[in-house]
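*Asks:* Chain residues, written in single-letter form:
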Amino acid sequence: MSGPSLMDSLFQRTLEDLIKGLRQQLIGEQAFISKALEEIRKEIKSTDLSTKSTALLKLCYLSNLHFHDMSFAAFHALEVLSSPRFSHKKIAYHAISLSFHDSTPVLLLITNHLRKDLTSTNEFEVSLSLQCLSRIANVDLARDLTPEVFTLLSSNKLYVRKRAVAVVLRVFEKYPDSVRVCFKRLVENLENYDPQILSAVVGVFSELACKDPRSYLPLAPEFYKILVDSKSNWISIKVLKIFAKLAPLEPRLANRVVEPICDLMRKTGAKSLLFECVRTVVTSFSEYESAVRLAVEKIREFLVDEDPNLKYLGLHALSIVASKHLWVVSENKEVVIKSLSDPDPNIKIESLRLVMAMVSEHNVAEISKVLVNYALKSDPLFCNEILGSILSTCSRNVYEIIVDFDWYVSLLGEMSRIPHCQMGEEIENQFIDIGLRVKDVRPELVRVARDLLIDPALLGNSFLHRVLSAAAWVSGEYVEFSRNPLEFMEALLQPRTSLLPPSIMAIYIQSAFKVLVFCLHTCFVRGGSTAGVSASASYESFDDLSVENGADSTVAHGQTCTSAPITNESIVNLLKLVELALSPLLGSHDVEVQERARNLLGFVDLIKLEALNSSGQEENDSERKGVEATKIIRLVHDAFSKELGPVSLTAQGKVPVPDGLTLNENLGDLETICGDIELPSSNTFSFGYPSEEKDVSSFSNLQIKEDSGQSNESTSLLAEHRKRHGLYYLPSGKSEVISNDYPPANDPALQGDNNDNASDLVKLTAESLVPKRKPNHSKPRPVVVKLDEVDEKPVAVKQLESRDDSLSGAVRDILFGSEDILPTSSRSNLPNSNRKGKKKQHMITQVESKENVVDDGNSSSRRRKDHSHGKERRHRKKNAEERNETDRKEKESSSNHPRRHKSRQRAEEPLKVPPQTSVIPDFLL
Amino acid sequence: MIHFVLLISRQGKVRLTKWYSAYSQKERTKVIRELSGLILTRGPKLCNFVEWRGLRVVYKRYASLYFCMCIDEDDNELEILEIIHHYVEVLDRYFGSVCELDLIYNFHKAYFILDELLIAGELQEPSKRTVARLVAAQDSLVETAKEQTSSITNIIAQAANV
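Here the protein sequences line up with chains U and S, keeping their order. First residue of the first sequence: 1, per full-length UniProt numbering; consecutive thereafter. First residue of the second sequence: 1, per full-length UniProt numbering; consecutive thereafter.
If we strip away everything but chain S, and leave its shape as in the complex, we get (with noise of 0.2 Å):
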């Protein structure tokens, strides 16, 4: 199973995290900053999986980002390798030719596509179009609940409920 899923900046800068397994605040901090010293630092022509403390982490660059996932000694890293590019397609989809700012930005929802695909440490839904799917209903789920609370009328209700 998946443990964890870390996008880390070229800059060492943390993007995203997602912890599948129990880990600490402390030993959090301590797993990106070792993991982002040993992954960084690789050149760009060399293989895309890292043995760290028996497990294995597969990383792959897209532009500027590191996309980490750390999996099982016996999981299949090139599965793994298939999923993140799949989460990045998935992404790419959602916000249109996805680039850094669009996941600084909408960190939240970066977050809850993540969520679709994968539960539990494990990958979920494999169509892309699914996804989209369902995080477009969410999304409209979340809209309409924000129209209401931020119309005029609502602002004025709550006034006057002073």
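In isolation and in its complexed conformation, chain U is listed as follows (with noise of 0.2 Å):
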């Protein structure tokens, strides 16, 4: 064993040959790193030290840029770090800070080497255990190794010291029982005087401010005292940062720090300080306007710099003062909407949403027409953005800025065929939505689908077809609002519909049946030529409005007009073309599509008979056979008749379960029964035909002969929709070859009237964007249907969780009352049970000292705000109280603002609720 290990330490190849043959190998990196990894698998089982840590580095190496797992090295370097020799240790804590985590299994291991290294004199020594603890502590880590990094805290090199407070951020995290030993030492470091300590402790203390502010409250004096006599550029942002979260909690701190903050914002050079600045104004002190007015002073000079990061972050600044003074953003707007059009697409996201922001009801409708106008023109990815944008923004709390819903419902159709649409799914959504809430927007909702359905063109864009779906149903479910049925037939039942997935070819049979059976309705029930406008006056499911709105149709538009073009003999047509295109579909392998062509078919082959004899000559036959078709006509119209409502999501549970249902009894019986019947797959489904499958001996010359049939057919049918729809098709000489290439839907090219530079974009939004007087509406906003409690949408203001974890609760055990820290991290097995004991033993001092609590002059309010404090901690606070309350008086002659509220509290005492919150002692007044 020795032999090889000599030789190794001789001939090994350090990292710099790893690297170099790396660079220069010529069997391909794969081959030279699995080899070098066999070399350092051997090599690392060496007892010689030097070559251990050597193979260690190299594996780091390969570990870090070429991502090879070296969990199994774990013990090695735990070897590797028992070595005296410093070298040697910093290899192995850079490897264990590398690859160890939680449930690295040697972790138990490390704890005896950490506080040897903890403890050891060379202070470069303490610093790699330090800087490898910050990364690996667990629970029991930072449990075990508390009392060395206590020591630490007051260490004399500064090196040590500062590293050691940087360190107890995540010693913190993992073990807050830590906090009592630790915090009171790290409270001391924040008066200390030295740059470099006192940026590691503002750092720290950043990071806890960010999980919950409300417990450092009252270390406000000390971040005052530093925010005031800081030159460190570094500190004074990491200050800044805590006060952008204490100042929301205190109004007094924040009348207090707001001063400081602006001169700051004044009179600092750096930027990246002078953000911090208007950051911190504009996120927690946007109720001092004079503030508000410098930042967004400062923000305007961002807005027009040169540097792109300025810039992005100036907008970012904006976005968030949006939510609390919107006149920043249209002072700016002309910045904001000019950054649409920024080669950057993080500017540009940016200010999409400044854009968005400044969205009201008035002025939905041109900066929509601006945006969709704008997204024609952009990039796919952009395009996008904008039109999600604009989706979720016109959708918000049930639409609640749209008034005019026909001009919505048009804008949506217009969007859909924008070419780079991938919003297919919202759009969706919102043309079912709106169709079921919006009942006055219905016939429009028609209009739109029609156009939609009936260029051949969009069915090519497999992103439009969940469009499409929701296009066909709508034509199917509100067809009485329809001029001419006749044509939403033809549009469904069009040739190219096979380009379309299944499950929405399904959703085109279905319409198509409503449609025909609406169609017949009119023409048979509604006693044939005369129906019109009087049969669908009598039509039970239409309201006044809509009535009043099939009227207007009927006349302004006398072309084809609900009954009129309903004649014997187009019904008959409309059932050939039924037959025509849906016969291919009964051999189809969609069971869903297979299953609703046979349903329709079976409905014409049912009525076919009687609306043939019909238009016959024989009247008086045709009237009795008749009367069977009119009978299926009506029940079926019936059935499809019944008005579709939106339904709640939590509808189901309100059904009451009716008496003798048992629903959770057990199904397990039901097996033994259905066990026998094997289920059949899906492909046997999909030929369903005995008659076929005789004569036709394998699967192929089915698929073949089907495919044949199905294109013959489409040819002609294609034929005739070419020639009925010519507008739709390119005028081309080949109309023999029929291809599946139609040129795309709209072809940006094709739109001549695009304005092209963001000068254009600037001048339309120019007056859209100014809030302009409501504008006379012509007609009132239609019924919006809303449900209850789905449509309250979850209220953005999230109540703020009362995070009593451990963490915040030992900082404000500290903080409130310093009294009772344990200082032995053994404590913490027995933490409640501690706790609970002292509650009983203070609970007479409590009743007692009630008086002391109500003179305090702290607004009740907090009181009420935070109920995460149980009742043990009252008496610590209030013990912190008197003394800090002693404390004041002697450094502060004139304190006789808490007066102020007494007799305020006096009043109200005795609605005091026992779940009593954290009294944070008045230092700043």
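Be aware that a few hints might be false.
[To be verified] Straight-line Cα separation of at most 27 Å, DSS-like style, residue types lysine-lysine; simulated pairs:
id: 1; chain 1: U; residue 1: Lys267; chain 2: S; residue 2: Lys128
id: 2; chain 1: U; residue 1: Lys338; chain 2: S; residue 2: Lys109
id: 3; chain 1: S; residue 1: Lys109; chain 2: U; residue 2: Lys35
id: 4; chain 1: U; residue 1: Lys211; chain 2: S; residue 2: Lys18
id: 5; chain 1: S; residue 1: Lys26; chain 2: U; residue 2: Lys333
id: 6; chain 1: S; residue 1: Lys18; chain 2: U; residue 2: Lys116
id: 7; chain 1: S; residue 1: Lys26; chain 2: U; residue 2: Lys42
id: 8; chain 1: U; residue 1: Lys225; chain 2: U; residue 2: Lys298
id: 9; chain 1: S; residue 1: Lys18; chain 2: U; residue 2: Lys35
id: 10; chain 1: U; residue 1: Lys45; chain 2: S; residue 2: Lys109
id: 11; chain 1: U; residue 1: Lys35; chain 2: S; residue 2: Lys128
The hints are simulated quantities; they were obtained by calculation from the structure and are not laboratory data.
Hints are included, so try docking the two chains, each in its own frame, into the full complex.
*Replies:* Next up, the structure:
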């Protein structure tokens, strides 16, 4: 064993050799690395620590930059760690902090090594182990090493001390009870004059304050001092972060701090500090008019700066202000809108957010128009970003900003025709949602749906399929508003629907079914040719307005009104069309499509005979047979005419369970019954026709036959369709060759009227963003059906969680009642029982000294805010207060302020409820 | 706080990674792939911030290397840019006009310097001179140890022990 060890150490490849070899290798990187790994695996087992550590270093390299697993070396790293040499230790610590995680099995073994190094006299060794601890600390390590870290917190070597301070953050996080031990020393370090230490401490507090600001309010005076005195920008930035968290909790603190911050903002030359000031003001001091004005001034400087970083941050700051001071955004709208065409996508998105923040019910139409135009010529990614934000803004709170739904529905139609549009799903949802919720918009909705359905080019765009499915659904559901149902039938059955995925195809067929039933119903049941307006007037599901609309449309657009063209002849044609279009689908591979096609064809079969007859000459005969057909039609029509309403998500829960039905009953018995029945696979479903199967021997033959049949039929259908809707087809000579290549729905090149540069955009929006006087809407906002619970979105004001996690609890314990600290880490085992015991013990004093608590100068509102405190903390806080009170009186002579609230406090005293809050001693006054 | 530091070359090669938050090996690979796709494709005159998974990545390009640091949403981006610059200056001072090759061959040294600057994801040492002094002191510690091991007598002693 020792022989190879020597050889290893003499001829071992160093890290440099490895890197050089890796760069010059000829056998391929992977091969080289796996060879190197093999070597390392051998070397790392060596007894010579130098060899071992070199191997470990090489492994680190491979793991770090080529992502090879190094968990196998965990134990070897520990071995190297035990070396007395600094260079070895350094490598070992590096490897450990790189590869160890909470579930590394040898983590338990490291504690003693760390402890030894933490108490070492070599400051660099201490620093290494601190660094490592900061990375790998888990509960056990944090608990066991708390005493050492505690000692280091007051080390006289600055280098060690500042590192210990930084590490304390991790230790607290993992093991909150360590707060009891270390917190006091940490606070003492706040008063240190060394900027390095101060920077470290403030850094720790800014992280802590992020998580639970309330606990650190008592330290405000110290932070204030640092803010005023600090010469280092690094420190100032951190302190500002702390104040941004503390100020909203305590208005008096905000009063006090806002001036120094403004001073800082005026004086500083460093952009980073300036930005931090701005951000602090806009997030936490938005009530202070003058401060906000100053900040806005600075934001404007950022916005017009050449540097894209500052511009981005300026926009970002604006979006923070926007929630409270919208005027700031409108003041800067020109810059914001110009930024929409910035080369930087991040800036574009930020400015888009701002533009959307300006949207209100008065300008939504103009802004959307501008943005949709803009989306047409932007890159696909940003285009969808724009569309997505329009959709989400407009649908917010059940379309609260939309007044003119006709406009919105046509906007949806327009958006779905934008070539890059990928928001199909969202548009689909809104189409259906609006259809269900807003009755008055249905005629317009049907019109938009028609335009979408009838255009064969749209079928080629797979992103639009979802939209088309919504349009198809709308056309079936609200066919009674249509001017020409026959047109719908043609659109729904047009040949290119074969491009649709089966699920949407099924919706098309179902809608065609509904439309067909409607046509037949109008034609036969309503007394044939005399139907028309009067028929629709008697139609039960119409409400008044829609009747008017229907009547309007029939009168105004006389060419094809609801009733006139539906003659017997057109019905016959319609039935033929249905048969022609759907019979190929009977062999569809998709169950859903096949079934629905079958339904529809079955229905047509039932009706056909009578329909044909009634168109024939023998009046008497047809009348007798017609009765049956009419019955069927009426039946089916009734089934479809029941209106669908929006259903609450929780509706199911409201249905009472009928008596005698036990839902929880075990259905296990069924298994024995069902066990025998083999469920057919989906494949067998799709070829469910025995009649054809007998002469077709193999599956593939069948397929071919079907395909050819389908294509023949579709060719003739397509030719037919092309004849009727020549408008949508390209004028090409080769009409025989049917290709699937349609021009894209809207080629941006075809749209000549696009405004090409941003200046036009600015011009366009210039007027629209000005908050106008409320325009006189020609019609009132239609009723939007709302459901009680579901639509009321979880209100944005999230209830402040009472974070009584152990860390902040511990911190509060320290700050509000330092007498109770037990400076032993072993205490953690039974913290609850300990606290309880003390709680009882202090009960009596608590009652006795109630008056004291009342007399404290603290606003009672704060007491109610915080529910997270148990009773047991009350006595501590009281003690602390008494102490603080005396301190304060000694320090400051003018402390009559607290008395101001006294009378009010008294009045509210009886209302006080048991869950008391921490009363924060008022250091600042 | 800083969640991680990455150095990526223009070709997408990783030159240094340092993780201050817990990421598993798998996540690390994924993060790097995602971010290099996001950052390397950005043009030269764009801003240096990228939003990513609710965090923010601040990057800056020096010659052929991208220095990236990932921070929380409410951290100060400009401050991080300064830290990056600070690090580059320290490296420059240490290696003497640093180039990518220096970092490739002395990858561990780049780490050790970073460790002096940052600890637990916070800036630790804002003075360049101090960092240089600390790194030099540790280097000399390592060097003396190395001399001991590599001296001929040492090797002979080791061989004799066998």
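*Asks:* CA of U/Lys35 to CA of S/Lys128, is that 27 Å or under?
*Replies:* Status violated; Cα separation ~40 Å.
*Asks:* Next pair to validate is U/Lys338 with S/Lys109; report whether the Cα-Cα distance is within 27 Å.
*Replies:* 46 Å, violated
*Asks:* Within 27 Å, alpha carbon to alpha carbon, are U/Lys267 and S/Lys128?
*Replies:* 25 Å, holds
*Asks:* Does the structure keep U/Lys45 and S/Lys109 at a Cα separation of 27 Å or less?
*Replies:* 25 Å, holds
*Asks:* U/Lys225 and U/Lys298 were given as a pair; does the straight-line alpha-carbon distance stay at or below 27 Å?
*Replies:* Status holds; Cα separation ~25 Å.
*Asks:* Keeping to a limit of 27 Å between CA atoms, is the pair of S/Lys18 and U/Lys116 held or broken?
*Replies:* Roughly 25 Å between the alpha carbons, so the hint for S/Lys18 and U/Lys116 holds.
*Asks:* Is the Cα-Cα distance between S/Lys18 and U/Lys35 27 Å or less?
*Replies:* 26 Å, holds
*Asks:* Against the 27 Å threshold, does the CA-CA distance of S/Lys109 and U/Lys35 hold or violate the hint?
*Replies:* Measuring from Cα to Cα gives roughly 25 Å; hence the hint holds.
*Asks:* Is the straight-line distance between the alpha-carbon of S/Lys26 and that of U/Lys42 27 Å or less?
*Replies:* 25 Å, holds
*Asks:* Given the hinted pair U/Lys211 and S/Lys18, is their alpha-carbon gap at most 27 Å?
*Replies:* Holds, at roughly 24 Å.
*Asks:* Quick one, are S/Lys26 and U/Lys333 close enough, alpha carbons at most 27 Å?
*Replies:* 44 Å, violated
The structure shown violates the earlier hints numbered 2, 5, 11.
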